[in-house]
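Protein chains in written order, with our numbering: chain A, 24 to 495; chain B, 4 to 237.
There may be inaccurate statements among the hints.
[To be verified] For each label pair, taking beta carbons as the anchor points, the in silico distance ranges come out as: (1) A:K412 with B:Q172: 58 to 64 Å; (2) A:R408 with B:V35: 33 to 39 Å; (3) A:P402 with B:R188: 32 to 38 Å.
[Unchecked claim] Covered, in the sense of this in silico footprint (three residues per stretch, anywhere, with C-beta under 8 Å from a C-beta of chain B), are these stretches of chain A: (4) 153–162; (5) 182–192; (6) 295–304.
Quick caveat, the hints were computed from the structure, so don't treat them as lab data.
Note that CB positions come from ideal geometry on N, CA and C, so glycine has one too.
The lines below spell out each chain.
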Amino acid sequence: MESTTGNFKQNASKALADDKLKAALEKLSEGFPAKRREAAARLPEFEALRDQARDIKTHVLANLDFYLEQFEARVIEAGGTVHWCRTAAEARSTILRISRNAGAKTVTKSKSMISEEIAINDHLEHHGIQPVETDLGEYIIQLRHEPPSHIIAPAIHLSKEQVAETFRKNHTHLAPERSLKEPRALLEEARDELRQKFLSADVGLTGANMLIAETGSIVLVTNEGNADLTYSLPNTHIVIASLEKIVPTLEDATTLLRVLARSATGQDISVYTTFCTGPKRPDDLDGPEDFHVVLLDNGRSKMLGGEFHDMLRCIRCGACLNHCPVYKAIGGHAYGWVYSGPMGAVLIPNLIGMDEAKHLPNASTLCGKCENVCPVRIPLPRMLRSWRKQQFETDKRSTIGRKTLRAWAFMAARPWLYRLGVAPVITVLAALGRKRGRFRRLPLVGGWTQNRDLPAPQGGTFVARWNRGERP
Amino acid sequence: MSDARSEILGAVREALSKTAGKSPNLQGASHVEANSRLVDHPVNLIPARGRLGKKARVDLFIREAERVNATVARVSSTEGVPREVARFLAKNNLPMTLKIAPETSEDTIPWTEQPLLKVEEGRADGTEHASVTRAFAGVAETGTLVVLSGPGNPTTLNFLPSSHVCVVQASDITGDYEEVWARLRAEKSDGDTGDFLPRTVNWITGPSRTADIEQTLLLGAHGPQRLHIVIVDD
Numbered sequence: 024m025e026s027t028t029g030n031f032k033q034n035a036s037k038a039l040a041d042d043k044l045k046a047a048l049e050k051l052s053e054g055f056p057a058k059r060r061e062a063a064a065r066l067p068e069f070e071a072l073r074d075q076a077r078d079i080k081t082h083v084l085a086n087l088d089f090y091l092e093q094f095e096a097r098v099i100e101a102g103g104t105v106h107w108c109r110t111a112a113e114a115r116s117t118i119l120r121i122s123r124n125a126g127a128k129t130v131t132k133s134k135s136m137i138s139e140e141i142a143i144n145d146h147l148e149h150h151g152i153q154p155v156e157t158d159l160g161e162y163i164i165q166l167r168h169e170p171p172s173h174i175i176a177p178a179i180h181l182s183k184e185q186v187a188e189t190f191r192k193n194h195t196h197l198a199p200e201r202s203l204k205e206p207r208a209l210l211e212e213a214r215d216e217l218r219q220k221f222l223s224a225d226v227g228l229t230g231a232n233m234l235i236a237e238t239g240s241i242v243l244v245t246n247e248g249n250a251d252l253t254y255s256l257p258n259t260h261i262v263i264a265s266l267e268k269i270v271p272t273l274e275d276a277t278t279l280l281r282v283l284a285r286s287a288t289g290q291d292i293s294v295y296t297t298f299c300t301g302p303k304r305p306d307d308l309d310g311p312e313d314f315h316v317v318l319l320d321n322g323r324s325k326m327l328g329g330e331f332h333d334m335l336r337c338i339r340c341g342a343c344l345n346h347c348p349v350y351k352a353i354g355g356h357a358y359g360w361v362y363s364g365p366m367g368a369v370l371i372p373n374l375i376g377m378d379e380a381k382h383l384p385n386a387s388t389l390c391g392k393c394e395n396v397c398p399v400r401i402p403l404p405r406m407l408r409s410w411r412k413q414q415f416e417t418d419k420r421s422t423i424g425r426k427t428l429r430a431w432a433f434m435a436a437r438p439w440l441y442r443l444g445v446a447p448v449i450t451v452l453a454a455l456g457r458k459r460g461r462f463r464r465l466p467l468v469g470g471w472t473q474n475r476d477l478p479a480p481q482g483g484t485f486v487a488r489w490n491r492g493e494r495p
Numbered sequence: 004m005s006d007a008r009s010e011i012l013g014a015v016r017e018a019l020s021k022t023a024g025k026s027p028n029l030q031g032a033s034h035v036e037a038n039s040r041l042v043d044h045p046v047n048l049i050p051a052r053g054r055l056g057k058k059a060r061v062d063l064f065i066r067e068a069e070r071v072n073a074t075v076a077r078v079s080s081t082e083g084v085p086r087e088v089a090r091f092l093a094k095n096n097l098p099m100t101l102k103i104a105p106e107t108s109e110d111t112i113p114w115t116e117q118p119l120l121k122v123e124e125g126r127a128d129g130t131e132h133a134s135v136t137r138a139f140a141g142v143a144e145t146g147t148l149v150v151l152s153g154p155g156n157p158t159t160l161n162f163l164p165s166s167h168v169c170v171v172q173a174s175d176i177t178g179d180y181e182e183v184w185a186r187l188r189a190e191k192s193d194g195d196t197g198d199f200l201p202r203t204v205n206w207i208t209g210p211s212r213t214a215d216i217e218q219t220l221l222l223g224a225h226g227p228q229r230l231h232i233v234i235v236d237d
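Same shape as in the complex, but just chain B:
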């Protein structure tokens, strides 16, 4: 396929070189500006909506998440998470069983304090009703959760079960998406390669939905029908 590659790139270069100079939009083949854009990854205009102090930011996050049909609860510490999750399951008449991400295991969340809860770690296989994962961040501007894949946080848990519980620290709730990219670059960069992205970054804004039949909005198309966000104050 190397033929196709050089032919396509050749055609692109030829088209651009012909027009370079003719149009102010086409600057030709030097790519100096393009290269520095990749290196510096400058931020563009960021809406003012999320630029708030911590308390107002968390409040905005909650409002926006509820606006898109997520439910939100706040607990004062990680110790409060199991009780809140049990309450959520009971309220929705769901079985007291959970498939949880290894990152939310007993080491970090005291599940055994809720003896009725049956908790299992691992990826989803389609048989579970409810899952628990941990968000790397929340974004106030749209009530969005940012969930990273990894050994401790399997992607399938966010999508296969019909109820998804996601735990996020209040201090991880940012105003805008750009702050999350900045945090990822700062905290996750590999010393050797500079890579900072996991296999999958999922932005999740409310539970799954479709309006494909007569524009009728229905929740729970393929992904979860319920998204319950537990904010841990810190």
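Looking at chain A on its own, in the form it has when it is part of the complex:
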């Protein structure tokens, strides 16, 4: 996918001024976190399961080569094919080749972030094959030619009126006077439109929530059942997944499933969890004749063993987005690429480079909520700080920013100097601000005071007050 990550600041400003988006994000931030809390409260073992989920993924990453080979061997034994792809371009041409060999005119798709990452839809379309997104949210944004704004709720930024407008514009064969006021009517219309696509598709393309090394199975998790219609009806099933999706056994997959939906939507488990192993068996009445797994690296092996190694534990639940004050203020599109929120801010620079993504690691308050809710306990704030440090070291910050930080570091390492410098400023600010109690504007920090007031200091510096014996 083409990125607009470089324009993060403009994207964010635009998002902040968008009232419709604000309303949608408010709804999201009320919904998901409360449901996650309830689900966690219903399961006394939840925290212990998170520890185990983390340990399973850590163990997998330490043995990734072994598990990848085991997975491949089991897929082949089950009658499937594994295609290893280093880059997005390799994955695109592999999927196109398989689709052409299957004589495909239409490819139905169930939601997959990796397929967004490699921009497979544009590629297929360009070569005369029609890709059809079947997850309701993905279908809506495909009609609007937009990227997803949330990794598990791709159309979360839209109102039902906007969806109705999109359907009227695209479903021109339907009666223009039909009512599309209620979400139910919108769903029924999409269901009918997609029914025919499901039944006539030649290839079904799905992602995978997990790949199981023990059995060569791929795991699909949905609430709509669209993935199940995507793989069970066409003759060919293609799975696209990145390397780190591997888990050792069915039992390990089960542990991860116990934390996945609870962290994502607050369900105990999603409606449909599916384990597919190879193509259909000789006497089966339905299912695909051909089964392909496209295993994609696209930057993962570079992250392995490095500073961002732990990010490869991510199971894409979206909890860090749902709890992030920055995501809740600007939504997903501002991040400018496939991923968003804290996981996006860590992952995107790894995948598309720091030059393009330089703003993202700074788009965080480092409040730590993301790490607190992450089902596999990824230290997201630590990694955001790592990026900031690298930026500082490689000169990606402005000269003023660098000089200011240098000066601050110099002072901070010398407490006597720090106190000497700060005390008079505090005294002056306290005197000037005594009447109002706050400052509307201050020289040098106009950017900060543009959106908020600075409270006037009261009672001297912290150290002075501490020395006077004041205690909180």
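For this one, chain A is given, so just place chain B on it according to the hints.
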């Protein structure tokens, strides 16, 4: 593509070997532990929620399934299934036609005792309103059905019709998912290859749903709008 394969595996090995020893998390290339994990497939922490006697376990299964909008009925024997299914169809104003999985054919369920029911065997093609399949197991901890694909149980029947009836034996309702994996390994392992999984294992927890439009919960997104579970006591 063998180039890509060796290059990716090479890059993975190199990254891991560099860090082996440096970090307690990365143990290097011996894979002894990993190999025994695959062979022994140890169970991890299992929530206590499902560890109940049979009666309480079935009750929990029903509560959890109803919590996620499934409907549940109990019949005292297989002979009671046709009448219960006819009642379900009538109650929802549905036509008295059914597409059933071969595994639930007349040999096992006496459909002809309900003369109004029109029953046809096979896979789904998108024209049917209601289907009947058989679950291999039920899982009490979340009210989940485990349905296996096979010649007797086509996958499409679970997803295409807007009403799905699933029959499960009370004695097949387990406390947790792990027990189902254990049963599959014990009962379905191929003597030659050791394979025990069918093409598809479907965990089904309630009817299809979406909240993609303004977070409004709607049932029946692409899969069935109604899931009716018939528990056969045994």
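Tell me, which hint numbers fail for this structure? none
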